[in-house]
Amino acid sequence: MFDRRLIQYFDWWLLGITLVLGFIGILLIYSAVNAGDYNSGSGLYIRQGVWFAAGLGVMTFSFLFSYRRIDRWAPVIYAVCIILLILVMVPGVGMTIGGSTRWLALGPLRLQPSEPMKLAVIVLLARYYARRIKSEGLVLKDLLPPMVIAGIPFLLIALQPDLGTAGIVVIVAASMTFFVKIERRTFYALAVLIIIALPLGWYLLEDYQRMRIMMMFFPERDALGAGYHILQSKIAVGSGMLYGKGYMEGTQNILSFLPEQHTDFIFTVVAEEFGFAGSIFLLILYLLLVSFGLNIAYVCRDPFGTITAVGITAIIFWQGIINIGMVMGVMPVVGMPLPFVSYGGSSLVTMFLGVGLLMNISMRRFVSS
Amino acid sequence: MENGYIQKIDPDWFRKRLLVAMLLVLLVFVLLGARLFYLQIIRGEYYRELSSNNCLRKKRIEPLRGLIYDRNGRLLVDNRPCYNLQVIPNDVRHLEETASKLSEFAQVDAKEIESLVQSNRGPYGYAPVVVKKDIDRDLMAVILSHSHELPGVVIATGAKRNYIYEPLAAHLIGYLGRISEKELKAGVYPHKRGNDMVGRFGAEKAFETQLSGVPGEMIVQVNATGQVVRVLDKEPARPGHNLYLTIDFRLQQKAEALLAGKSGAIVAMDPENGNVLAMASSPGFKQNAFINGMSGKQWQELITDPEHPLRNKAIQGQYPPASTYKIVTAMAALEEKVMSPATTFYCPGFLRFGNRAYRCWKDSGHGKIDMIEAIVESCDVYFYHAGKALGVDVIADYAKSSGLGDKTGIDLTNESKGLIPTSEWKRKTVGSPWQPGENLSIAIGQGFNLVTPLQMAVLYSAVANNGTLYKPDIMKSIMSVSGTNVEESGPESFGKLPVCRETLEIIKKGLYDAVNKRKGTAYWHVRSEQTPISGKTGTAQVIGRRLDDMPEDEEISRKYFTHAWFIGYAPSNDPEIVVSVLVEHGGGGASVAGPMAKEMMLTHLNPYEGDDSAIGADGRE
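These protein sequences, in sequence, are chains A and B.
Sequential numbering from 1 applies to the first sequence in the numbering used here.
Sequential numbering from 1 applies to the second sequence in the numbering used here.
Simulated from the structure, these hints should not be mistaken for laboratory data.
Treat the hints with care, since some could be wrong.
As the list claims (entries may be wrong) - Distance condition first, Cα-Cα at most 20 Å in a straight line; then the derived EDC-like pairs of lysine to aspartate or glutamate:
(1) A:Lys181 with B:Asp12
(2) B:Lys16 with A:Asp162
(3) B:Lys400 with B:Glu492
The shape of chain B in the complex, shown without the other chains (with noise of 0.2 Å):
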């Protein structure tokens, strides 16, 4: 028989078991109906409150932004409290009388307000938009005794950024702007609503989603006049993370002074790791004044100004590297060994070649000079020489792998890439092949190279640590508010210089004679009793790439100026930090970018000197 098993097991056995089941399911059903009776019928009322009137209302509780302090811990931004105007749509009657009434007293446009407020209301209506951020005590007392004919409208407190020591590296560390439409609806920050404030420019851009924090929500119960009765839920808002830049507070503070009145930009930076210690760009402009909202007028004077206050020029600036780059030029010809470093020739002020005489800085000539002294003397023909050895593109692949010509990786956007040229580049580019006499100026940091004062920065440092490019740092931790490190930054290399230790010496003892030997280009402005300096000088010419009418008049209009180069690095036997300083239209590289740069180094060095804030800070006298 097929069912064999029947005989096994007796009905009756199953029929105990379904009894006890059946009493199981009705003990879980009872349940069930007493649990529907507590909700219903006792607490049947409360419920139904809370359904009735629509009385429910999520509120947002906003994040504050993280801080952001120096290396040392200093506070460089943090936030201010203010009152912010809010419209709750679904408690305004009239809109466009709400809105009409409202631009009156708050100077905002009426059809901006009503647009605003559509935009933002939410799917049920009940989340405030806010209207106008940081009013004025007048405003809020007018709105406060206008509120019987503005159901609606509330004030309510919120945060505005605050930018301590502005303009205090105000490009570094950047600005906020106010969220677009066309963002909100892409949904690039998730938690951010109309009219918020989002990172712009700078760390505050690069930073922002650590920085932002995550808004928290209440959900209340209000009365018919909008009051909270009291508060259901609550979740907390999460508060953004800190931020620890790179940066010496006391190191920024000297950039900014020794640039003020001119345009330029300082980079000074770790050789060790690529850390940032300082970076400024002249001229500066007021942060707060993007929190505070400016003019169409003061936006208008920002933008149009011929030198350009919102460019970063230590990484956005492009300029002619002029002699600093004739280190790449030796790196190129000793590498190559199409020189060596005991390889001379004549300089008699200028070098023939095809037609043309090209022209050394020293009108009377070097004379006789080897690779060391050409780089000491910053010898032109010297290096005519090179190039005229190496040609173009051999070059520009030192220069490449050099980290130039193309962007470091900096935490911040809108970085310039700077321009390698190579034969095949103009010839695509500009449509000309490229000119044999074209390599003379190459060589000697003229013709179409273009770099930023960060990329000199970052080579500088290289030949400084005997050969990594370290990846710009500007961030040295992250913190959460409890205190515990989010994220923290190592040195992050991206390549080594193209060349041998042999090559690497020369270089650094050009460098180092440049300014301690009594023919140095730098010895009368940058040599130090307190410490060895190295470091090259560098003039850049801006108009007419021919070197022979270099303009050297000084009646001639300032634009026409050279732009001034010193990048160097202190002490010279074993490296703390380097300094780039790029003046635009300042004159020579050596009177003007070199006391400079100099002034930083010893900044750096001597941490106390001429700083009472620190000396105070930590308790000394």
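The shape of chain A in the complex, shown without the other chains (with noise of 0.2 Å):
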């Protein structure tokens, strides 16, 4: 049953960038949370370590059986995820911190069901599109089914809540919808509706949402909420110059002139202290990710492993550059972690969720099931 051929393709260079990644994201963490006088020691890196490690955990299990289960088995992860949304919605069951409801509260532990989630959306997406493919593109028939699947999570995450996240499964969802190719009418017709439904969605935002969109593009609108975030990120941004101010010697960090240093803005701590130089690196692991995943869409021979790919890759990929282009003053500040490097256990253990996935795809590709 156990074939040789799954470690002669397993894919060493996607571990090691993964846990490359993670083991910066700690190291950023230590620095933002440790880094000054100011600052009391914290041992949210330690915590970080030991959702890495679960992380490693949960990887290794989800590439011991087959991602052709999955197939299978995709409705019931969506439904699976659906009910624990709901119940953070539930008074008295669902945490809420800063205003927002996104947590359950396991004992010591807090999930945030909003980014397994995530994943759910892609194998269900996977599984349809799959089976739905065809040369000409999509029609529109075809595609109301993906709009429910993503829309149900959609309103879930965005009501409790979490834009951010929200955008993300819808973002992603559309990503692999290009992706599977769509008719071109139909393709015509739903940019027209998406041009008319822009409006409407503006006038659905809260206020400071549609504030921070306002911001990006007038950033001296505001100076003191979100375009002064934008300014102090800027600033620890490009005083990093070349090679960096050094580890922990950062003085936009240590003066913590930016909130959620250790989450949203952890690229911050990379640009300030290690430079242009830290900072293309990173940007370059992510690019090598990226690439590696979608490496593994092209060379896998069956479509729901080729969209399964595109989509955890798309979530990288769009979760990377949101991330960087807010810190860097060219996308809006919405609520989005780093993969791998921003603090949060959940967030974190869905990533390395993912790229087990992904290289469970990888060594599968030459095995029939």
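Put the two chains together into one complex, using the hints given.
And the structure:
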């Protein structure tokens, strides 16, 4: 039953890059939380290390069996994640932190169901598209089920409210859909529909969310709120110059000019302390990760595997560029963790699970089940 | 075969699409890399400079507090420029040293400066802390000439509140005071910092949120000496809204002129909507003293003055209503049908009840007298009969339904409730049962009864407008600086007088005749040729609640003098103004309070008489 070729085709590169990213994350979190005299020592980096180990365990588990079984289990996985999301909304069950209700308390741990939900949407969509795909492209009728598949979690997550994660669900679903091709006239019709719907969406956004989008285009309009953060973030990134100020030496970092520096703004730490050299290194790691992900889709010979690989790669790609773009002032400020690096257990474990699936697809490319 | 879909699509079809995706990914990463290059290499020096030396400062832009106008748009309160002494904590090298030097120059305790700076330094220590507001030119010169030995000490321009016509309407407009440590900690005023001023009294307090505005902020780059080199970002302050009061400047001036040298209060209201046209309390105080700071001695004098200048007697002063209360007893008697308008009694100048004689104010007696005549001539004996028949609890029901014994709900703090006693209240509070004789004193507004001048104005307004009790209103509108209406107040009714139309007509007839019939208590002092006036006098006993030892002796000290009341409205047929006058220890209601109320009414009804400024403003000669 156990095929020698599984080891032969094991993707050591993918594993290596993932481990390096996770390790960099712990290093940066340590600096973000502990640099300077103002901050009392905090054990957040230890917790991240524990999550890192847990992620490795989950990853190992995820490539022990063939990914083709996931094709069968996709609806169940999806349903379980939806139930968890609904549980979050039940008063007394969901945990509210900073005005958002996103978590389930499991003893000392906090689970954020919206993170695994992303993967659940990907596998269910992959299962659907693998059966519906055709060379002339999908027509509107084919697109209705995917809209429901992505729409339900989008609404549940947006209500928490967590616009960043909800947005990623839609963006990833859209990326997969474009990948499997939309029939040309359907594409145009959809484009027109979206242009009409945009103003409506604007109307539905919360004030602070609208302000953040405005902020991206006109940062000078509000110096106090989001604009101030973007400015401080740009100062942190820019002041790193070529080689940075040195580990734990970032002045913006030490003076805590930015909130959430260990989560959403973690990239400012690498940019400030390791400069252009360090930032480009991190950027290249992400580029490699995305390229390897697409390569796995490229060499995989069954549609479910290919589409799943594209979906997982899309999460890494979009979260990476939106987060880094936000820190550099070219994307709006939305709560979005940097994959593998930002502090946060649910996000880290989900990312490892995703990479585990990629490895699974990669090592079974020549094995028929 | 389970994966039957494999044949449907050729892996090469996917591969073309994957290549396109890879190209797009590459393009995005190149763009991100370019942005990184731009920020870190091309603009790197600039951002390094911003981040080093901590040269970014957040500067607060103070909002201007909203202005206060009277109902006709006359400016009553504005802001004047001033100079504030500030300290920037991080630029001070040795706080102790700087504080002790500053304390020499500025006469502020060194310890106080230190604690002020420490507690307000904020997370980064770059926000200036105000040490002393509104410093004079001499001090400014001293500070500037010593600036080299005072690093981190700066002088900034600011604005201070200015009460243009002080002490005009001092109690209604109120004043500002320094925010307390406790309020800061509790976050009562989210936009305020230490040493800021907040509304402490009157409209300044009631409309604090609307008036205060929201501060803005600038992010500036400063050089090593703290000078601003450039402004990086700016969020302008949002100025406070302007407040238009319901009071009429001219009428307010008149009220205060009438009260000059007396202790008491005048309230004028529009009976049709509850708008307060004037509210004066005497003696007053100077509001600017609160802004400029006053000495401990000045403050002691203000709070120990036996005439309570800081108290707004119109809403905080509680007095026995005396004969002005007789209309409540009359309403109760008519509605409960214990009497009809035609019911007559004989007044010999006293009523014997139990083993005591309850005296009428008129020793010789009123003779045979009916309901309207009893109101007109304010016959005590007639209302003793009513009180005997009704009992305290029935009268209290009517009084409470008429808005007495509870706050009117005016937008001012510290309003008193007054007191309408019931038998249960006395058992609980005083601890003894209600005595039948007390029903008699209650009926003529003595005994435990206490009301505020404003409550009586609301009650008489309701009589004037045929029964509606309006919440007194001091805010006409609130306008943003750009001139849009933020809030506007409309009449707000909180109830109806508990009487039918016929009863009201009888009361109104009584109030009319009290002024316009020769026998009326107010005939000689209040009747006017120009306009029909209705109203009721009252002379409240201050001490010795027993009616048979009323001190009328001119010789005894002033504090034993009765309080003088007059409450009325004009014109009687279509009332436009209700005036409630109370003069503490003033003597007789008719002779003291009556003419004051009359003059208020005539001033209101004759818009241009005796007011040069109003004529000038209108362009008339």
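Consistency of the hints with the structure:
1. A:Lys181 with B:Asp12: holds (14 Å)
2. B:Lys16 with A:Asp162: Roughly 35 Å between the alpha carbons, so the hint for Lys16 of chain B and Asp162 of chain A is violated.
3. B:Lys400 with B:Glu492: holds (18 Å)
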